[in-house]
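K.L.:
Kindly produce the complete structure, drawing on both the sequences and the hints.
Chains as they are written, first to last, in our numbering: chain A, 2 to 116; chain B, 7 to 120.
For the record, the hints were derived by calculation from the structure and aren't laboratory data. Certain hints may be false.
Taking lysine to aspartate or glutamate and the DMTMM-like style, the derived pairs with C-alpha atoms no more than 20 angstroms apart in a straight line are [said to hold, decoys possible]:
#, chain 1, residue 1, chain 2, residue 2
1, B, Lys42, B, Glu73
2, B, Lys46, A, Asp56
3, B, Lys24, B, Glu62
4, B, Lys47, A, Asp56
5, B, Lys47, A, Glu62
6, A, Lys4, B, Glu59
7, B, Lys47, A, Asp27
8, B, Lys47, B, Glu90
9, A, Lys71, A, Asp23
10, B, Lys28, A, Asp23
11, B, Lys47, B, Asp91
12, A, Lys74, A, Asp27
13, A, Lys71, A, Asp56
14, B, Lys46, A, Glu45
15, A, Lys4, B, Glu73
16, A, Lys17, A, Glu62
17, A, Lys4, B, Glu90
18, B, Lys42, A, Glu16
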Amino acid sequence: AQKITQTQPGMFVQEKEAVTLDCTYDTSDPSYGLFWYKQPSSGEMIFLIYQGSYDQQNATEGRYSLNFQKARKSANLVISASQLGDSAMYFCAMSPNNAGNMLTFGGGTRLMVKP
Amino acid sequence: ETGVTQTPRHLVMGMTNKKSLKCEQHLGHNAMYWYKQSAKKPLELMFVYSLEERVENNSVPSRFSPECPNSSHLFLHLHTLQPEDSALYLCASSHGTSTNNEQFFGPGTRLTVL
Numbered sequence: 002a003q004k005i006t007q008t009q010p011g012m013f014v015q016e017k018e019a020v021t022l023d024c025t026y027d028t029s030d031p032s033y034g035l036f037w038y039k040q041p042s043s044g045e046m047i048f049l050i051y052q053g054s055y056d057q058q059n060a061t062e063g064r065y066s067l068n069f070q071k072a073r074k075s076a077n078l079v080i081s082a083s084q085l086g087d088s089a090m091y092f093c094a095m096s097p098n099n100a101g102n103m104l105t106f107g108g109g110t111r112l113m114v115k116p
Numbered sequence: 007e008t009g010v011t012q013t014p015r016h017l018v019m020g021m022t023n024k025k026s027l028k029c030e031q032h033l034g035h036n037a038m039y040w041y042k043q044s045a046k047k048p049l050e051l052m053f054v055y056s057l058e059e060r061v062e063n064n065s066v067p068s069r070f071s072p073e074c075p076n077s078s079h080l081f082l083h084l085h086t087l088q089p090e091d092s093a094l095y096l097c098a099s100s101h102g103t104s105t106n107n108e109q110f111f112g113p114g115t116r117l118t119v120l
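P.N.:
Written as structure tokens, this is what we have:
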């Protein structure tokens, strides 16, 4: 069974600063994918970034980067140059390779960007 | 319409009612999903359809009944629900069911069971 843990229920960050959202996972699968999603107050889940367990480099997508530390089983999301529109819930999720694309989600972190 | 749409956006129903949630994807995907998002609980995967066949039923009570008539449409039929079924129901789709196939989500249906 897979488990995703996000230990920060809420985070504040000053506009234009960087912020790291923590995610640790537990799985016995040798191959898996890690995802981060953003959920604004409107409810829609927005895909941000993907990291494969065998990818050699950390994933980056614009202002988002994933700090993947396989030995520690952590996949932290780094948002650079925070913007007011980044205020939302952020969810880390994992998909094991041998079970299709069935995502297991963490409990989420609410990020609030201060002007 | 683009992306993944869900109707209705809000639904209030009594425990004896029968209603259906509808999801439509305009992305040419071949896999669709239902998730439940309750307050204070992580998102829970309910059902997965790949090529219109159900490939996952995640121990969901029988009062939830999914239907996937084609690769673009997904329904969730509801009957004799309980107040604890009140939640945000999210639909998603993806191109394939490999690990790296990102899922695109709809805006959700906010369901309240009285």
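K.L.:
Determine for every hint whether it applies to the structure shown.
P.N.:
A quick look at each hint next to the structure:
no.	hint	result
1	Lys42/B / Glu73/B	holds, 16 angstroms
2	Lys46/B / Asp56/A	violated, 32 angstroms
3	Lys24/B / Glu62/B	violated, 23 angstroms
4	Lys47/B / Asp56/A	violated, 30 angstroms
5	Lys47/B / Glu62/A	violated, 28 angstroms
6	Lys4/A / Glu59/B	violated, 27 angstroms
7	Lys47/B / Asp27/A	holds, 18 angstroms
8	Lys47/B / Glu90/B	holds, 12 angstroms
9	Lys71/A / Asp23/A	holds, 14 angstroms
10	Lys28/B / Asp23/A	violated, 34 angstroms
11	Lys47/B / Asp91/B	holds, 12 angstroms
12	Lys74/A / Asp27/A	holds, 7 angstroms
13	Lys71/A / Asp56/A	holds, 10 angstroms
14	Lys46/B / Glu45/A	holds, 17 angstroms
15	Lys4/A / Glu73/B	violated, 28 angstroms
16	Lys17/A / Glu62/A	holds, 17 angstroms
17	Lys4/A / Glu90/B	violated, 23 angstroms
18	Lys42/B / Glu16/A	violated, 32 angstroms
Taken one by one, the earlier hints fail for this structure at numbers 2, 3, 4, 5, 6, 10, 15, 17 and 18, listed in ascending order.
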